[in-house]
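Going down the list, the sequences are from chains Z and G.
Here my numbering is used: the first residue of the first sequence is 141, the next is one more, and so on.
Here my numbering is used: the first residue of the second sequence is -19, the next is one more, and so on.
Since the hints were made in silico from the structure, they are not lab data.
You may find that some hints are simply not true.
[Claimed, not checked] Taking lysine-lysine and the DSS-like style, the derived pairs with C-alpha atoms no more than 27 Å apart in a straight line are:
{"id": "1", "chain 1": "Z", "residue 1": "K187", "chain 2": "G", "residue 2": "K89"}
{"id": "2", "chain 1": "G", "residue 1": "K145", "chain 2": "Z", "residue 2": "K145"}
{"id": "3", "chain 1": "Z", "residue 1": "K158", "chain 2": "G", "residue 2": "K182"}
{"id": "4", "chain 1": "G", "residue 1": "K271", "chain 2": "Z", "residue 2": "K161"}
{"id": "5", "chain 1": "G", "residue 1": "K89", "chain 2": "G", "residue 2": "K306"}
{"id": "6", "chain 1": "Z", "residue 1": "K161", "chain 2": "G", "residue 2": "K318"}
{"id": "7", "chain 1": "G", "residue 1": "K7", "chain 2": "G", "residue 2": "K306"}
{"id": "8", "chain 1": "G", "residue 1": "K306", "chain 2": "G", "residue 2": "K205"}
[Said to hold, decoys possible] Some residues of chain G that are not near chain Z, with every Cβ distance over 12 Å (derived):
{"id": "9", "residue": "K34"}
{"id": "10", "residue": "N104"}
{"id": "11", "residue": "K142"}
{"id": "12", "residue": "G207"}
{"id": "13", "residue": "R214"}
{"id": "14", "residue": "T222"}
{"id": "15", "residue": "G225"}
{"id": "16", "residue": "A392"}
{"id": "17", "residue": "K403"}
{"id": "18", "residue": "T405"}
{"id": "19", "residue": "M409"}
{"id": "20", "residue": "A438"}
{"id": "21", "residue": "W441"}
{"id": "22", "residue": "E465"}
Note that the Cβ used here is the ideal one computed from N, Cα and C, for glycine as well.
Given next are the chains, with one letter for each unit.
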Amino acid sequence: MPVRKPFEQSYYPPVPTKLTKSFRTNLVWQFFRFLVLNIRMLRMIRKH
Amino acid sequence: MARLLILGAGIAGQTAALHARNKLSSKHEVIVISPNSKWNWIPSNIWVGTGYMKPEQVTFPLAPVYAKSNIIFHQAKAVSVHPEGDSTTSLPFVTIEYTLPEKLGHIEKITYDYLINATGPKLNFDATKGLGPDKNSLSVCTFSHAHDTSKVLAEVIARMKKGEKQTLLIGTGHGNCTCQGAAFEYLFNVEFELRKQNVRDKTKIIWISNEFELGDFGIGGMFLKRGGYVTHSRIFTESLYTERGIEWITQAHVKEVLPGQTIYENLDGEEKTVNHDFAMLLPPFSGVGLKAFNKNSEDITSQLFAPNGFMIVDGDYTKKPYEEWKPGDWPKTYQSPKYKNIFAAGIAFAPPHAISKPMTNPNGIPIFPTPPRTGMPSGVMARQIAFNIADMIEGREAGPKRKASMANMGAACIASAGANFLKGTAVSMTMYPIIPDFEKYPDTGRDLNYTSGEIGLAGHWIKHFLHYAFLYKAKANPFWRIVPE
């Protein structure tokens, strides 16, 4: 989708690889991240 | 018998009402005043704006919830506060004007012992010429705005399916807007929807914002540990925009929205235009315009409220440059310094200053985000205020002891980037503290052990789960207290 043209704003930022993007919707990995994220948020709530 | 009066039934007002009712014995009264008949889970309005959810899924009627919770509810708007009473009574009171159809326009005085101002913001569309759903742009700030926006989006998609190319402009409609996060979520949900409908190649999407750089979000951005580096959120945000093929305009103050065209001024003072077929631009916020009067009916609004209409509380409002800002400037108990039985929660309190660095262009126009104080922080401060007031009413404490400074508070935020149970994503962020403390955390302003961000499907699951959890809690269903703020 994105077309990077030299010296335009989209030329410089890092862009994820296909592997990185696939992990974002990989059910097994995301189930694990679901647990991690919930723990992170609970830690935050406990600080209040 | 004591009476706690709460103005507003949004996230802060509802949280305060339920916690206060739970903490106070039944001889005391809790009264809620809200001009709206429905409660709205505002964070899900962005999903109404794309058609993913219906308005009924993000709202419910308030009256039955208050009836079962032993909370008195008046569907009315607060007009004025009289903290010393008036010539007829020495009791403090608030004047309300009913919006309930059966009593429309009827004015009434409601006395109080303690008052919580949780009125939220006025959506100040008038600050920008041509801005707003009644004029030339769309909004997702309320569920009805979002529903109307979804219809326009559907028309735009229909035109694309016929082969027409369309330009969508999404972002902030004024140099002093806040809530960039909501516009960000709407942007990526629209982009996701366009891909789902196979019309993404027919669309040019442009983000316009008053942020100095992408990823600021009104909190000055945040630093994250990732891949062996400590990196600013700007990098991750630019990466996401690039990945999704979205152009961005930052440092922009929208001056005027015309049909199909937006005129903006940037930090260099240049005037530019952008043409579009669809523009969803959030308005700046101001206070709701409450007036205040003393016993002699003299106007004391300026003693209770800042010029922007938000309520002055226990913050340090001394004007000082960015370099001298301190975390200690931020309010802790949200108590009015002038009237100790008045508190403000959520968006209704006046922040002492911004969080992002203030910027002004050569024409004198300030272009920087004002501080966000919605969602989790709103709920936490409302709960602490309710607990403090309950303690004072029940005689357990003489003053507010619990504190909820945003300088000592963390926040978790889930920003949707596409709604689907298998292919959706959301950015999950945590940060501590919300107000950066460069003395304690010299390089980053925040604790890197508690500040994080990542994008993935898990975030969407959490956002969806939280949608139902917060609706469940706001309905005061059994065990509602186990759902955190």
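Hint check results:
| no. | hint | in the structure |
| --- | --- | --- |
| 1 | Z:K187 x G:K89 | violated, 40 Å |
| 2 | G:K145 x Z:K145 | holds, 21 Å |
| 3 | Z:K158 x G:K182 | holds, 24 Å |
| 4 | G:K271 x Z:K161 | violated, 52 Å |
| 5 | G:K89 x G:K306 | violated, 40 Å |
| 6 | Z:K161 x G:K318 | violated, 54 Å |
| 7 | G:K7 x G:K306 | violated, 42 Å |
| 8 | G:K306 x G:K205 | holds, 25 Å |
| 9 | K34 | holds, 26 Å |
| 10 | N104 | holds, 30 Å |
| 11 | K142 | holds, 21 Å |
| 12 | G207 | violated, 9 Å |
| 13 | R214 | violated, 9 Å |
| 14 | T222 | violated, 4 Å |
| 15 | G225 | violated, 4 Å |
| 16 | A392 | violated, 4 Å |
| 17 | K403 | violated, 6 Å |
| 18 | T405 | violated, 6 Å |
| 19 | M409 | violated, 10 Å |
| 20 | A438 | violated, 4 Å |
| 21 | W441 | violated, 6 Å |
| 22 | E465 | violated, 8 Å |
Checked against the numbered hints above, the structure breaks hints 1, 4, 5, 6, 7, 12, 13, 14, 15, 16, 17, 18, 19, 20, 21, 22 and satisfies the rest.
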